[in-house]
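Asks: As a plain string of letters, each chain reads:
2 protein chains.
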Amino acid sequence: MRTRFQHGLDELKEKLLRMGGLAEQAIERAVEAYRKRDAKACQAVFDGERDINAAEREIDELALDLLAMQQPMAVDLRFILAVVKINADLERVGDQAVNIAQRVLDMISSPETEVPVDIPRMAETVATMVQRALESFIDGKAELAEAVLQMDNIVDRIKDEAFVVLVDQMNKYPETTRYSLDVLLIARNLERIADHATNIAEDVIFWVRGADVRHGGAHYPS
Amino acid sequence: MRTRFQHGLDELKEKLLRMGGLAEQAIERAVEAYRKRDAKACQAVFDGERDINAAEREIDELALDLLAMQQPMAVDLRFILAVVKINADLERVGDQAVNIAQRVLDMISSPETEVPVDIPRMAETVATMVQRALESFIDGKAELAEAVLQMDNIVDRIKDEAFVVLVDQMNKYPETTRYSLDVLLIARNLERIADHATNIAEDVIFWVRGADVRHGGAHYPS
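Note that the protein sequences, when read in sequence, are chains U and F. If you're matching positions, the first sequence starts at 1 in the UniProt record's numbering and goes up one per residue. If you're matching positions, the second sequence starts at 1 in the UniProt record's numbering and goes up one per residue.
I should point out that these hints are in silico values taken from the structure, not numbers from a laboratory. Watch out, some of these pointers could steer you wrong.
[What the hints assert, rightly or not] Not everything, but these chain F residues come out facing chain U in the computed CB check (under 7 Å):
1) Ala44
2) Ala68
3) Met69
4) Val75
5) Leu77
6) Ala88
7) Val164
8) Val165
9) Val167
10) Asn171
11) Thr177
12) Arg178
[To be verified] Pair by pair, the computed Cβ-Cβ distance ranges are:
13) U:Ala54 with F:Arg157: 24 to 32 Å
14) F:Arg57 with U:Gln43: 36 to 44 Å
15) U:Glu58 with F:Arg121: 14 to 22 Å
In this text the structure is predicted, and so the values were computed from the model without any measurement. Beta carbons are placed, not taken as given, at the ideal position from N, Cα and C, and that holds for glycine.
Start from the sequences, fold in the hints, and give me the full structure.
Replies: Below, the structure is given as structure tokens:
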């Protein structure tokens with residue numbers, strides 16, 4: 001019985017990693033769509049959302065099954081509940097990628113404009129945050145989660161700078177307003193993804209450290 | 001033992017309702033700050049965020065304790081996991097209220113400008129969505145949750161209209177760009193709150209209907 005439960009936990013972990021992969025792929029595709037002004041890449045993001053939603057439901061159901069299967073130990077309970085929370089964050093990373101793809105579609109209909117904001121670099125940073133947050137959870141490394149929190153400050157700063165330069169650009173060249181606004185909103189969407197990575201990291205610290213405290217640090221060195 | 005567990009479930013429900021009240025209060029305060037250009041009301045939103053975060057942690061811990069206490073029935077399991085998810089959404093409603101208050105602080109430093117967007121009405125709609133989503137959960141009424149999903153479409157439309165008129169305003173009066181942008185971003189924050197209400201409603205349909213199917217409809221008529 002214990003073995004079947006443990007097997008289920010492994011499966012849950014695997015599914016969550018796969019879910020993380022789908023979320024990262026969604027970010028990549030959205031940014032590729034942005035870089036290449038590519039409506040087909042936008043469509044790939046929209047199509048991918050269905051898979052992400054299905055994966056979310058699967059994980060929730062498996063978590064329920066595991067909780068119903070036997071009386072889990074406190075450390076396993078914390079793990080399962082953390083998966084449920086992180087799962088919801090990953091699903092919303094996918095939603096943000098969809099929002100970006102929608103803005104890109106809008107941009108494609110406007111003439112291309114030079115903007116002084118490096119969206120691909122910002123996207124790379126937030127994708128790394130999602131990756132590391134998930135890694136910190138899977139490996140139970142709270143210090144890696146702390147590093148994610150630090151990165152969030154950097155992303156906030158990039159977004160604030162983008163805000164200033166884009167407002168400036170809109171003032172100087174009103175004809176670029178709509179285009180600049182799309183870029184600004186994409187920067188906001190990326191900031192939201194960073195927030196989800198931060199939520200995951202905070203959950204890791206809370207759930208993992210909690211488990212740590214309750215189990216004398218044997219499970220999760222931090 | 002069963003009685004203590006049931007008592008714990010009641011406490012969990014109560015705490016979640018209180019959390020919902022805090023989230024709604026945060027929206028109200030943020031909109032009051034907007035309407036009155038009131039920095040003190042902004043500060044009240046910032047202060048309230050601490051209470052919301054503390055309430056979130058409390059609910060998570062109680063959920064863990066309940067799951068650890070005994071082997072819950074499937075219907076109770078679904079209820080507890082739904083609380084954990086809804087709890088996270090309510091916390092983020094509070095985050096959005098903080099974002100609005102930050103934009104209001106920015107607006108206060110600009111001269112007041114007439115904008116053709118009814119933020120208070122939009123805020124009222126999204127606050128109602130949060131309220132109804134929570135009500136649908138507490139009462140186990142999936143049809144009320146469906147109504148919340150319908151309202152989300154209305155909010156999306158209001159936000160899209162706001163987008164168009166504000167871009168137009170920025171083009172015509174570039175000197176109002178920053179102010180208009182603040183309003184636009186507040187409309188986006190409100191839309192995000194509507195998304196959280198939608199998430200809650202979707203969870204209600206998923207968790208409650210699931211419970212319904214598994215228990216022959218006795219617990220949650222829908």
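Asks: Run every hint past the structure and note whether it holds.
Replies: Each hint tested on the structure:
{"no.": "1", "hint": "Ala44", "verdict": "violated, 22 Å"}
{"no.": "2", "hint": "Ala68", "verdict": "holds, 6 Å"}
{"no.": "3", "hint": "Met69", "verdict": "violated, 10 Å"}
{"no.": "4", "hint": "Val75", "verdict": "violated, 10 Å"}
{"no.": "5", "hint": "Leu77", "verdict": "holds, 5 Å"}
{"no.": "6", "hint": "Ala88", "verdict": "holds, 6 Å"}
{"no.": "7", "hint": "Val164", "verdict": "violated, 9 Å"}
{"no.": "8", "hint": "Val165", "verdict": "violated, 12 Å"}
{"no.": "9", "hint": "Val167", "verdict": "holds, 5 Å"}
{"no.": "10", "hint": "Asn171", "verdict": "holds, 5 Å"}
{"no.": "11", "hint": "Thr177", "verdict": "holds, 5 Å"}
{"no.": "12", "hint": "Arg178", "verdict": "holds, 5 Å"}
{"no.": "13", "hint": "U:Ala54 with F:Arg157: 24 to 32 Å", "verdict": "holds, 28 Å"}
{"no.": "14", "hint": "F:Arg57 with U:Gln43: 36 to 44 Å", "verdict": "holds, 41 Å"}
{"no.": "15", "hint": "U:Glu58 with F:Arg121: 14 to 22 Å", "verdict": "violated, 39 Å"}
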